[in-house]
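Chains as they are written, first to last, in this note's numbering: chain P, 112 to 591; chain H, 112 to 591; chain R, 9 to 456; chain S, 9 to 456.
Everything labelled a hint here was simulated from the structure, so no lab data went into it.
Only a predicted model underlies this, so the values are computations on that prediction, with no experimental measurement involved.
Every residue gets a Cβ at the ideal spot worked out from N, C-alpha and C, and that includes glycine.
Be careful, since some hints might not be right.
Claimed, not checked - Computed spacing ranges between beta-carbons, pair by pair:
| no. | chain 1 | residue 1 | chain 2 | residue 2 | range |
| --- | --- | --- | --- | --- | --- |
| 1 | R | ASP209 | P | ALA545 | 56 to 64 angstroms |
| 2 | P | ALA130 | S | PRO398 | 29 to 37 angstroms |
| 3 | P | LEU416 | S | ARG312 | 25 to 33 angstroms |
| 4 | H | GLN548 | S | ALA70 | 51 to 59 angstroms |
| 5 | P | ASP566 | H | ARG583 | 41 to 49 angstroms |
| 6 | H | ASP412 | S | PHE396 | 29 to 37 angstroms |
| 7 | H | GLN548 | S | ILE325 | 42 to 50 angstroms |
| 8 | P | ASP566 | H | ASN165 | 37 to 45 angstroms |
| 9 | R | ASN200 | H | ASP414 | 37 to 45 angstroms |
As the list claims (entries may be wrong) - With a cut-off of at most 20 angstroms between alpha-carbon atoms, the simulated EDC-like pairs for lysine to aspartate or glutamate come out as follows:
| no. | chain 1 | residue 1 | chain 2 | residue 2 |
| --- | --- | --- | --- | --- |
| 10 | P | LYS361 | S | GLU359 |
| 11 | R | LYS448 | H | ASP142 |
| 12 | S | LYS441 | R | GLU373 |
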Amino acid sequence: MQLIYELSTPGRRGVKLPASDVPAAAALPADLLRNETAALAEISELDLVRHFTNLSRRNFSVDTNFYPLGSCTMKYNAKVLENAAGLFAPIHPMTALLPGGGEFCQGTLGMLYDLGQLLADITGMDEVTTQPLAGAHGEMTGIMLIAAYHRAKGNRKKYVVVPDSSHGTNPASAAMVGYEIITVPSAPYGDMDIELFKKAMNGEVAAVMMTCPNTLGLFNPHIQEISDIAHSHDALMYYDGANLNAIMGKVKPGDVGFDVIHVNLHKTFGTPHGGGGPGSGPVGVKKALIPFLPQPRIVMDDDGLFQVETANPLSIGRTASFFGNFGVMVKAYAYIVMLGREGLIQASEQAVLNANYIKEKLKAWYEVPYDMTCMHECVFSASRQLAHGVHAIDIAKYLIDRGYHPPTVYFPLNVKEAIMIEPTETESKATMDAFIQVMIEAAQTAESNPQALHDAPLTMPVGRLDETKAAREQNVCCAG
Amino acid sequence: MQLIYELSTPGRRGVKLPASDVPAAAALPADLLRNETAALAEISELDLVRHFTNLSRRNFSVDTNFYPLGSCTMKYNAKVLENAAGLFAPIHPMTALLPGGGEFCQGTLGMLYDLGQLLADITGMDEVTTQPLAGAHGEMTGIMLIAAYHRAKGNRKKYVVVPDSSHGTNPASAAMVGYEIITVPSAPYGDMDIELFKKAMNGEVAAVMMTCPNTLGLFNPHIQEISDIAHSHDALMYYDGANLNAIMGKVKPGDVGFDVIHVNLHKTFGTPHGGGGPGSGPVGVKKALIPFLPQPRIVMDDDGLFQVETANPLSIGRTASFFGNFGVMVKAYAYIVMLGREGLIQASEQAVLNANYIKEKLKAWYEVPYDMTCMHECVFSASRQLAHGVHAIDIAKYLIDRGYHPPTVYFPLNVKEAIMIEPTETESKATMDAFIQVMIEAAQTAESNPQALHDAPLTMPVGRLDETKAAREQNVCCAG
Amino acid sequence: MTDRHYCPHTLDEQKEMLADIGVSSIEELFAPIPPELRAKTFNIPPGMSEFETFARMQSIVAENSNDMLNFIGGGFYDHVIPAVVDHLSGRAEFYTAYTPYQPECSQGTLQALFEYQTAICRLTGLDVSNASLYDGATACAEAAMMALRVTGRNKIVVDGCVSPFSRQVLRTYLLNLNVAVIEVAPLDGMLNRAGLAEVLDDSVAAVLVQNPNFFGSVDDFSPIADQTHGAGALLIASVYPISLGLLKSPGEMGVDICVGDGQSLGNPLSFGGPSFGFIAAKKALIRNIPGRIIGETIDKQGRRGYVLTLQAREQHIKRHKATSNICSNQGLCALRGLIFLSSVGREGLAELANLNRDKAEYAKEQLAKIPGVTVLRSAPTFNEFTIFLPRPANEIVTGMLKLGIAAGVPLGDYYEDSANALVVTVTEKRTRKEIDLLAKELEVALCN
Amino acid sequence: MTDRHYCPHTLDEQKEMLADIGVSSIEELFAPIPPELRAKTFNIPPGMSEFETFARMQSIVAENSNDMLNFIGGGFYDHVIPAVVDHLSGRAEFYTAYTPYQPECSQGTLQALFEYQTAICRLTGLDVSNASLYDGATACAEAAMMALRVTGRNKIVVDGCVSPFSRQVLRTYLLNLNVAVIEVAPLDGMLNRAGLAEVLDDSVAAVLVQNPNFFGSVDDFSPIADQTHGAGALLIASVYPISLGLLKSPGEMGVDICVGDGQSLGNPLSFGGPSFGFIAAKKALIRNIPGRIIGETIDKQGRRGYVLTLQAREQHIKRHKATSNICSNQGLCALRGLIFLSSVGREGLAELANLNRDKAEYAKEQLAKIPGVTVLRSAPTFNEFTIFLPRPANEIVTGMLKLGIAAGVPLGDYYEDSANALVVTVTEKRTRKEIDLLAKELEVALCN
Ligand SMILES: Cc1ncc(COP(=O)(O)O)c(C=O)c1O
Ligand SMILES: Cc1ncc(COP(=O)(O)O)c(C=O)c1O
């Protein structure tokens, strides 16, 4: 398809602007003006609509394809949630920050407060800030809170411990807060080696970041012990909530010793991912960390009115412009309210059921590096296929030709040729059975005709793209 | 793709219904109850969404493809119109029919009234009813009005005259009102032969139905003479407004002797066609026919309030349940208000420009049976291609493979192998140039490789379908 | 020509095009129109931006009472609409397509309409359905005309309990056709069986009934079907599709042609439209059905696909001999109906129907408690029922509108001697609290 | 397990699946979780249908003042949003996709984001852009961290006229990094050039400015760019993208990194989010840009396509050595930004910017007429300007809120000695009538 700039014609417009009802102002001094107008698209409304509509058709998506992208919880996003978010479009965030403005935002402030309460209950935490704008932002916020906690005690400490199976954002977030990273390898049981962990721990460790169930989809049986050890070094336990979808109503991270948690509303709580975002990464903390929560913080006063706290000197400050990705939170709130207690428990149960079902059905065909009951996702290795020269990526591309979005591949890093499948609870058995069949065909084709897998995909607008060329040429902006 | 019923599993649901807050009623007597529940789909919300989203992707549409379907005016449908229509969703039509209810519907009643006024100005008529639900419904309503007019004068008469190039709805609508049809052949200048017309006319002719510009896209130079002749026999002139897009602000049918007109809001006035409908076919009439207009009729009282007239004994009565396809009219009204005087004139001008451009660019390749300046559409014949065994339908199917919705083919009936192209005013030159190029390639392929055209389309989910089998087997409902 | 967002050509492009055509101005292209015929005036106001247009539309909306508490039906019903309906029918490929004349690039619409036809057949218990008609009232008229064609007779008998709007449309349609329309006056809000027997003879093409009828009464028309067939006529039933979650289907009753309005199936009230009419019939009648029909078939490779079929019935082929003049129908509304029915689903529709009846029965009993109010109890009802007030209903309804309550449809406007009768509709959207409010306010109104 | 609309399995299917897995209950699948760790309580209220949920959300909306007349900005602006933005960003294939890790089946998102990057480059006059950051404030912080990496220095100088929210976020981000943040106090609502000169030395990694600034003042930072570069530091400018329809671009000024919030580009106010942050920079800095970047390339057949590129900067490859921890960004909001910019278009953005300025200038003059009110005129302004009231602005603003007017943002909360200062924002959406109303009501308020 042509780029929108290639469709442009000078002087064309996509929309007519409102007429002016005021006099034209005197011109600005020339040195404040741009030399020429920015070369944005110049295209009719129809051509614009056709362009983006046809672009959209070049995507796989949950609404069109099974999308078992591991670690991403690509569950169905209920349409009513989209409608609900639209209701709040006209409300300006500054209103709540004006003197006396909170009174006019009791609905929005109250919803954020309630959402915090609901998430606190789900995670077993004492208070939740909804300000962080994505999972990684939540991680960073959480580690900042931990730093503030330690600093208040006189030593912000130096290290953050992560298992080697951790998501890249964990070490990256801790590094953004100035910590050095200690990576602990996994044990044969698929999670952080507890002995190595013990060795790694010391008084300068500020936090241990865990994903639980971890990125292999396994629930760490030593989790309580790990948090006990961490706490014995006055290190705080950080819970990466990306995999919360496995355990709602089953375990509360706060009960297991975690002190800080972020949740990914765009994973567990049914908000769509938008082809990259927006997400939302609320952070829950135990009581000891509440004083450090970001500002503005929403509190309920004695009259049951919601107030905005902005001047707490202990707070780490602001982590984002206003109250977080509010529209995303509307959806997550409505999702929780709609599913309710039983619905959330059922979501986790069925997510786990589906992952185990796929694991069982495919383990005759694909290596399962850690073969035990998994939680909401299962991780295979294409190691058997590798014997025929077929890589995980080849299987992924084959799946595209068959109409499936590929699972996550090459993550977690501690599994060779990883294929990480997260079906989520919203998929039907028929969909999974068809997918399983195609995965089996992929394994068979790997043996019978590996070249066919190397050649895939053939049915898309483009085949495999030359990534080296892209990185070398750095053509990231349309010239002209 | 599977049928939705093939995706069903007993007991599954697509949506949860509201909980009941009242006691369950005593059961109805058994003889009033159905034996078993209707075997509707039983499918999860995700599977439902995926099914219909993927179904939608199997359509060409204005938003995805150039759609020069002659006689259908497939112009771009501005998105703001869709939003506007949504605003009126909760208003019950019965409210306006309750005693004292009109007071609570001044907005909707007033909008219908205003729309009538605007359409009356555009068409040169004295009053417009917005009740008819599509073009053909408007035709039928219009002919009923004509019958009522003649009946009031003592003789409803017997015949309706139509040219052979007329749309099938014209004779069909007149027949629905009990008239016999006199079809007048076209003359070499592409419109109804005036001499034959004169011969056909007599005192028992109730109406002459014309499309102007006609279905060949030609403006009939004899139109005034025709209406004079018709009127001299006390026959009324009916204007099929399907082609109004050519002449807004240029000619008013009412000025040219037409007594009754329907307009297709879903063609000229920018409302989408919905894959079949809903349309809307308001009917405008000259003063003499006002007493017969359908009920309920919206009138403005002396205080400027809008009232609903329901008991006019001269009226032909109701032609539809309520006030017509109101939501469609919201869009058409907003369209007229938005484009305004200049915008409507420009729409007609550019529609005519585009049709002539395509005609000129293609006439070296395709036969133009009536080669003169056309209005908003141009009609070719595939007669040259027929020499190579290639029919209009083959060219149509080739266009599908190239990403274009085909023009109308085999209509009008008085052109052999007709290819009727209506680009509309909203298409850019670049789109038309690309289309012209592909049409030329079709003509070239017709000579060089006719089989390639017979084989088309190859890129769609299905190739040419066996229509005989469909008609023979009459499989119109999924079994089981 | 300052805006180029709808009409995209720049002046340069336009010049180029005119040159290619060989004319020097757009005006020249209008030369075929004799100058004396040209419009002398064109009084449309100047245009505005989409933002100003939308604001104008919002201000029009604001001139209505948009939060009326609805206890009115009369053919249009205030039902829930699952969010998926808007989202999916809002797919541009559905709503910006035309009628699927070219099947290969229209399989989306075609398959959906085939599924729609299937849903209508299953719901009504009949064999064949078309792909929609305009609305419920015109569907009654089309069904009657179908019966006239099939039987070659020229009389239509109509139960007076059929919606007055449908009966009016029927009369309008048949006015010019030398057809007698005979109405059987209601008896206690039900079909007067004796009255029917009196007029049913071998000149009758069809009998038209409605279930539930305009009074809200639910009936079993099985005996009527036998009686009608005995006279060689067809039985046409107009039905409220939501009620078919619960009520005996037209197919089970022996109905020949079933029609109805599809508004309640996922289409908003929207001041009366667009909705859609449905029509379903016994298989033998298929060639007489009006409008588009989708049929299943295969391509050369044996792949299943869908096409417009039996087009020889239609106006674009048969012209004045067609089964109807209908061309554009209400396809997108029918699609909404399909999505609605598929979302609510098999068990859901039964649940929904029961919910409606439960609410209405609750309301019936609350209103029955009001001194002076009596309930028409000649027949069971679904979600509408008739009550009799001690005073003219018009007066009461007008008064309650001012309180924001549309309390019901007074029957006096449609039936003689019914000035005090009121038809009250209660859908699943009405809460117990709202019903209690209706009862309270009605009681107050009657005390004044 | 009564509902099967989100979790679709029927009990039969579930049984079958459990059997295939080889367990007898779902509970067994949770065996890996030690019993003593299991949740003891779970106090989420029972669920409800989507209809009840939507009604709940509507009631929450109703607890806000939804028709406040906005003269407030402070980073978020009440601009028109063409209808196409919602419709196109509402395409399910866009909004229900994940980050485009698999390029072949994600060309829609990838090409759109490439076009977005292009729009941002052209708007800012810089060479490279990423595919979005979280918001404008975090983009400031990311840009500062980028400058720290590039220069290896450890001091950031910030113009005090930069939005206090951005400055607060910057401080929060840098708090743990051994970096000094030095603020240059504003002078007459503008960058204090002398103050800057005082602190600008070779330990400074970057200078952060904002245009228009929090007071509304518009500046030409070209000399500051030279000065900053002279000290070996980078100049970071935070900009309001709508203003770039008119104002000198960061590229023209010599800015090295340009950031901003994209809310004004087609994203609703939505109580503060989601919007998106943008970041653009000179080509040489590309490897230090945080977040996703889309690059153009070809496939084996030479067909053009788009991929995530330079991923070695990112956390999933580089982990703690990445240029940022950002993973999910605000892609859909960036897409909205692209659609907005493409719809408004080249000339349109200039027109829109002028319209904003015209309205604001009109408002400025109306407010200037109010006795006791003075306007800060130290610099030209765009669509925000500062006025001084004869009384504390907080008090007046609180009072006017009760009239439904958000009259402006009082500066006293953010700057010392500014209790009487008020920043008033006027976008193209405010009509002359509304502006006149503001003036009238402010005058009345000041008289009381
Ligand atoms: C395990 C894990 N942690 C953290 C993240 C980061 O979340 P986000 O993309 O919302 O920043 C992800 C996202 O993929 C993840 O899978
Ligand atoms: C010339 C002409 N007349 C009448 C009609 C019928 O209009 P409708 O489909 O709205 O009933 C059409 C529709 O295609 C048409 O092209």
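Hints and how they fare:
1. For the pair ASP209 of chain R and ALA545 of chain P, the supplied restraint of 56 to 64 angstroms holds, since their beta-carbon distance comes to about 60 angstroms.
2. In this structure the hint that ALA130 of chain P and PRO398 of chain S lie 29 to 37 angstroms apart at CB holds, the actual value being about 36 angstroms.
3. For the pair LEU416 of chain P and ARG312 of chain S, the beta carbons lie near 57 angstroms from each other, so the given range of 25 to 33 angstroms is not met.
4. Separated by about 56 angstroms at the C-beta atoms, GLN548 of chain H and ALA70 of chain S satisfy the suggested range of 51 to 59 angstroms.
5. Between ASP566 of chain P and ARG583 of chain H the CB atoms are about 43 angstroms apart, so this pair conforms to the stated range of 41 to 49 angstroms.
6. Remark: the range hint 29 to 37 angstroms for ASP412 of chain H to PHE396 of chain S is contradicted by a beta-carbon distance near 55 angstroms.
7. Separated by about 45 angstroms at the C-beta atoms, GLN548 of chain H and ILE325 of chain S satisfy the suggested range of 42 to 50 angstroms.
8. In this structure the supplied range 37 to 45 angstroms is violated for ASP566 of chain P paired with ASN165 of chain H, their Cβ-Cβ distance being about 25 angstroms.
9. A beta carbon spacing of about 44 angstroms between ASN200 of chain R and ASP414 of chain H agrees with the range 37 to 45 angstroms that was offered as a hint.
10. Proximity of LYS361 of chain P to GLU359 of chain S is assessed by CA-CA distance (about 57 angstroms); at most 20 angstroms being required, the pair is judged violated.
11. A hinted pair counts as satisfied when its Cα atoms are at most 20 angstroms apart, and LYS448 of chain R with ASP142 of chain H does not qualify at roughly 35 angstroms.
12. Among the hinted pairs, LYS441 of chain S with GLU373 of chain R is inconsistent with the structure: their alpha-carbon atoms are about 53 angstroms apart, more than 20 angstroms.
When the structure is compared with the earlier hints, violations turn up for hints 3, 6, 8, 10, 11, 12 and for no others.
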